[in-house]
Each structure stands twice: as structure tokens, then as C-alpha cells.
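Chains as they are written, first to last, in our numbering: chain V, 3 to 449; chain Z, 7 to 192.
I should point out that these hints are in silico values taken from the structure, not numbers from a laboratory. Treat the hints loosely; a few may be bogus.
[What the hints assert, rightly or not] Which stretches of chain V does chain Z cover? Using the computed rule of at least three CB atoms under 8 Å from a CB of chain Z, they are:
| id | stretch |
| --- | --- |
| 1 | 103-117 |
| 2 | 239-246 |
| 3 | 252-262 |
[Stated by the list, open to error] Capping the alpha-carbon separation at 16 Å, the derived lysine to aspartate or glutamate pairs in EDC-like fashion look like this:
| id | chain 1 | residue 1 | chain 2 | residue 2 |
| --- | --- | --- | --- | --- |
| 4 | Z | K174 | V | E111 |
| 5 | V | K108 | Z | D175 |
| 6 | V | K404 | V | E16 |
None of these values were measured; they are calculated from a predicted model. We put the CB at the ideal spot given by N, CA and C, even for glycine.
Residue strings, one per chain:
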Amino acid sequence: MSTRQDEAAALAAETSEGVQEMAVRSATESAELLLEQGAVLRLPEGVTVDPSDLDVEAASEETMIINMGPQHPSTHGVLRLMMELDGETVLRTKPVIGYLHTGMEKTGEELTYLQGGTNVTRMDYLAPLHNELVFSMAVEALLGIEVPERATWIRMLMSELNRLSSHVLWMATNGMDLGALSMMVYGWRERELVLSFFEKATGLRMNHNYIRPGGVAADLPPGWEDDVLAICEAFPPRLDDYDDLLTGQPIFRERTENVGVLTPQEAVALSATGPILRSTGVEWDLRRDMPYLFYDQVEFDVIAGTYGDCFDRYAVRLNEMRESIRIIRQIAGRMPKGDYRSQDKKITPPPRARIDESMEALIHHFKIFTEGFKVPEGEVYTAVESPRGELGCYLVSDGSAKPYRLHIRAPSFANLQTLPIMLRGGLVADAVAVISSVDPIMGEVDR
Amino acid sequence: MPVVPEATPVGAGSLGAAPGGGGPEAGEPQTVHGVPATWPCGQQVLHPAPGQYLDLVKALREEGFNLCVDLTAVDYLAHPGRHLPTGVRPERFELVVNLLSFEHRRRARLRVQVPAAEPVVPSLFRLYPGTEAMEREAFDMMGIRFDGHPDLTRILMPEDWEGHPLRKDYSVGRVPVQFKHPPETR
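Chain Z on its own, in the form it takes in the complex:
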């Protein structure tokens, strides 16, 4: 199991008060479980530090977010100057997790900064088994490793593939078009 350092107590006070990106909607908290929150396009986005990630997901699960809808990653290599709340240091990779609560009919999106030097995050598998394939996809496509995942292998690319295709420094590649003479008339 992953070790989570510097755990923040659930519902702790404000960490980074000033939000970045779209400002918070009126009456909405600027921190959730001690994690800075923003509201771009009217959607709640939480920015936990890597150490807070697992604890935050646990707290949200207790709160009623019972389904992990989606887990994916973004490589911000070519777009470093994105909006983030103050106190959140941008890193090359970002893990994006979408949680859904049937009870409250709400979504919560988590954006976790993952450093390029050591792209390792704890796996959510023990909390949401449905992330099994999604984490494998994020590993396959972006090269982010998940600590505690039961079967972290490539899922979409062939087993012996080199590189992680959705990284921004991975070339799209081209197939040269061969122009041939037109077909002869019969």
C-alpha cells in the first residue's frame, strides 16, 4: 500500500485560499477537505497535493462519491502556463480523476500534479476497483505509474511497445504517401 506523507486531517482549514482559474461561485467553499478548489465552467475542481491525494479521495468516498467515473492524465509539457490556484506548483503531468455521487447528484474533479522525474501516484484500486483499467490506460498512454495497482501492464498498446504515445514529446509519426502512376486504361 502506498505511504501517504503529510496527511491533512479531513475538513482541515484553508490551505491555499486564493483560487486560480475560474473564480469560486458565490457561496461555494474555496477549500474542500483542506484542498484548494476552483470552479471552471461551473464544475468543481479540487487540487490536492500528491500527498493529500489518497486521503482526499477517501474523504470524498465517505462523503458519498460512490462511483469513480473516469481517470486520465494530461501532459502539460507544451503548455506550462496554465491556471492553478496559488500554492499548487505546476508539474509536467496531471492526473485527472472524476468522481460522481449518486446521492448528491454531483461531480468532483481532482487534478493531481505529477512530477516528470518520478511519475508515481498511489493507486485508487482499493477504493474504486473500477479504476483498474483506467489506471492501466494512463500508465500505457502517459507513463504514470500507480503504486499498489495489481496488474500494471500495457492495456491498449502492444506489450513490447516503447514509449508512451500520448506524451507531448512522442511524435505523431507519418506514413509516407507513395505516389504511383495512374492505373492503365484497359
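Excised from the complex, chain V in its bound form:
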């Protein structure tokens, strides 16, 4: 008997994941309880938590701590949530991440600036072009080079299309999580429209490595206007359909309205950005408020919600897609002629034909692909508005051909911190809706 117990204890010790656990409730001092309940995420007094809100005393003794994930289908990858439940009510939540950590920031230090794009594009795999864009912008800022106008417009076109594909996939998975399975099929179908254009333009459906330091990898394919126009024509009526399908559906509204409410103060305090911040009513969009590329030359509205609940986050994303289409139409109408990448021979590889006829081009080609181009010493932070919020790149160069330090400020990483606040006091069944509404991409959370 005792040997069996020993075996069980040994097995438990072997499979234990260490002390990544919630502290017991009684271990939390009463002063700390005023900040937030438990060992998870605490907010400073006065910023967000009204002490009279806390019904810690009311919680019965029979609480239970359960794990949701990391293999739960609704956690969008490998997110693990530890929840303390009182019956079906969520008292505390602690997100546990790191299951997809692959050391991409460390890898980035081993790759040249030209190779770096292939690394960062795999972080947020639903918005790869935004990752490439922010990395390229950081490199260009350190190099101090100008990007040709056409390249900038192409970058804008691609990143807005990418926003479309990302949001439409979010609608699909959100629908799936809430039981609207038809939305899932439609969402994947619409995303395919955009991805097939990406494949035509960049050669790949995902992880394109298309936006590179100095410009873009290739010019837009012939006939791109028709493809983009077809997307712009196809999307609006279908978005209206989905609006009817979801907004007009009582079950969907019941499951999202007043669920996972976040106040603007909480969102700002927790460094949330993107649709989560905007759903609470804070109009903050880097495209409008701190314009990069040529966003100051196109017209669009910043969509903001009112209540900060799951429904508002859905509505913000739905309407952002309509704005993206508006932007794409303007870009398509204004696309200038010219170079699609910088003509700086130290940075841009020469065209294949030049290598046969020019010794200098051959040398440049050889240098760029063996040791890469050198970037002047310095450090810079650039940021773009990705579909999930502020995507930043902090790049330190020591003057060599590889980044000394590459740090990506991942929007999902910061946004995940809002989960414990949104889930608090809700039902465990609503957790699925709330997790989905945050739209976490574990690839960029863990990097």
C-alpha cells in the first residue's frame, strides 16, 4: 500500500510544474486584498478597484481551483488559465503562458537584418506583415534611409489587407467559440480571398518575409488592382450579412453583452491597446494619433465602443474591417509609380541580370547575402497599429550586421493581463467568450 502511495507521490513530483500556482487565499494579507483578490494580478488602490465591490467575505469555503488549458480548444493555442471557482462563478484567474516560448528574441540576435524578417514574421502569425513592417521600420530608422513612395503605399495596402484577414479570422474563431459554427466557415472562406492575393503578391500565404528593410521584396503582381478591387467588392455585402447573422441573433447578444466588462481606466492601467482599449471608449489608434507610413494622407474613422464588453470588442473589429476597406480603396486609387525598394546598393540586393554584367553588383550581392549589411550603432523604438494593438520593436545595434538586441512589444502579451479583470465575477461558461474576445495570439505572447 505504502509503495503505491510512494509511486503516486513520485509521479506527482515528476509531473509537477513547479510553483507556478496560486497562493492559498488565506496567505493573502487583507491589505493586498484591497488591491485585487489573490495572488494573481493586483491593481493599485483607487485606480480601478472599488473596495466595496469585493465580496471576498461572501465567498464560501468550498472554492475550487481548476485549470483551463493549455490544450483547451477555446484558448486559441496553448494558453493555460488557473481559475478559482465558487460554484460556477470565477473568483480569480491567473494566465500561465510560456508553452510556445521558442526564444525568438534570442534567435533574432543570431540572424542578419535581412534574415530577421523571416524570424519576426512568425511571431504574430495572423498579422505577419505588421511584424515585418515594424521590424523594417526600426532597421530603416537606424540606417537613416528613405523608403520610396510606392514601397510605402504597398506596405500600407498589405498591412490593411492583413488587418482584414486577421479580423475576419477572429470573427470565425469567435463565432466558433460561441457556437455560431456557420460564422466559422464563412470567416475562413473570406480570409482565403485575402490570402490568395498574398500568395500571388508575396509567394506565400503566411510568413511572407515580404516587407524588408529598404522596401518590399517584389513589386505588386500585374493586375493587382483587379484583385484588390474584387476583395473590396466582395467584403462589404458579406460583412453586412455577418452583421445580420451575429448582431441580429439573440443568443449571440446574450452571450456577449455585459460579459467581460472592462473600464477605460482599467484598460489604460493594464497597458491594453488595440480593439480592447478602443472598445472601452478610448479613441486611440496609432494610425491616426501617431501616424506612420502615409496614414495621415488617407481618410478613415477610429472605431470606439462604449461599454467595453465582449460585444463592443466584436463591434469594433467588425467596423474596423469596413474602415480598412475604405483605406484600401483610397490606396488603390493613389498608388504611385516608381521603385518598390530603396536603390541603396549597400542594402538592396542587385537585380539578377546586373550580376552577370557588373563586378560591383556581384560584390554587393555577395556581401549582402554572406555577412549582411551593417547598421550604425544606436537604439530605436518603432510602433505600428497591428490588428491586436500597439506592436513595437525595440532594436539595439552595435554597428555589426546583426541586431545586438531585438525586442518585440507584443500587443497580445500586454492584453492578456486584462483577462483576470474581465473574468472576475463572471460565469465559467463566459470565460470562453471573454478569452476569445481578447484575441490572443500565443505565438507573439510567448515569442
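On the provided structure of chain V, position chain Z as indicated by the hints.
Below, chain Z alone, put in the same frame as chain V:
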């Protein structure tokens, strides 16, 4: 709560007048709240001493920097000769904090020198709760400890991991490639 020695009064006079790195833009102050400022790539960078760090962040928060966008760290072990304003002594680690002001539509970046012997800095958690996960990441990856952080544990690496992977003296490691004979034809 962390104790902050040698606190500088908010808006005090110039400390280190001569800027290093990219020179200040015309008309921009060389010190902000008594902390030397530089303008590399047109971005404002402040270099507080470790003792000034918390007070500076408090002052900036009062000034309208309401969102802490990012907090990360850099290990300068392999690159000691970087540009810093005079009066700022380079240390092995550097804590980099990005603040954002909605009101002024501006960013401010703080670079705090953290000595290798005792890599401890005060936590910003009480000012910006959103730094909770970021400080845990900096601790996990670089081994910088945050005084006053509510839950300073590893966040990305497994709990029992040894070492801090993003340090420059931490080897990348290699998996030996096993060359096997080609698959046999059927």
C-alpha cells in the same frame, strides 16, 4: 515599497548638460525633470540614475504619460562602449521603459543603468499595473529583480530553469544534426 535615495526634486536644474548619442533637437530641453535627455532618431530618451528612476516615472505620470507601453532590458556585456550622456555611468544591464501620453501624443523612453553585481530596480507595478507581466519577463530573461513586484516568478521559461536566456553570456546552444543514411528505395 522601494526606498529611493537621493531623490531629485521634480523639474530641478540641469544635471548632466552635455548630451551623448544623437544631439538634442533644436529647442528641445537637454534635461527633463533634472534627468539628462538625448534625442536619437528623433525620439526622446531620458537617462535617470537608479535613484531617480521611480521619481522620474512618477513625475512623467503626473505630466500625462498615462500608459506604460513596454518594459524590457538589454545586456550590454558584449558592447560596453555605447553612447551615453556625460554623467551617466554605463553598467552591464539597462532597463528600457517606454511611456506613452495620449494627451500629448508623445513617447518617452527611459534607460536606467542596472549594475551586474546587484541587478535590482524598483517595480513600477504601483504606478502602472500593466508592467506586471513585462517585469516578470525582464526578470525571467535577464535576471533583473524588481523590488515591490507582487509575483516575481518566471513567466516564459519553465519554473525550474537555470540561468537567464537573453543574457549575452548565456549560450545559444546547438542541437547536433544527425546525418543518417538516405531512406532505402522500395
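Evaluated hints:
1. 103-117: Coverage by chain Z holds here, the residue count being 5 at a Cβ distance below 8 Å.
2. 239-246: violated (count 0)
3. 252-262: Coverage by chain Z is violated for the stretch 252-262 of chain V (0 residues, Cβ < 8 Å).
4. Z:K174 to V:E111: Within the cut-off at roughly 10 Å; holds.
5. V:K108 to Z:D175: 12 Å, holds
6. V:K404 to V:E16: Violated, at about 40 Å.
Hints 2, 3 and 6 from the list above are not met by this structure, while the remaining hints are.
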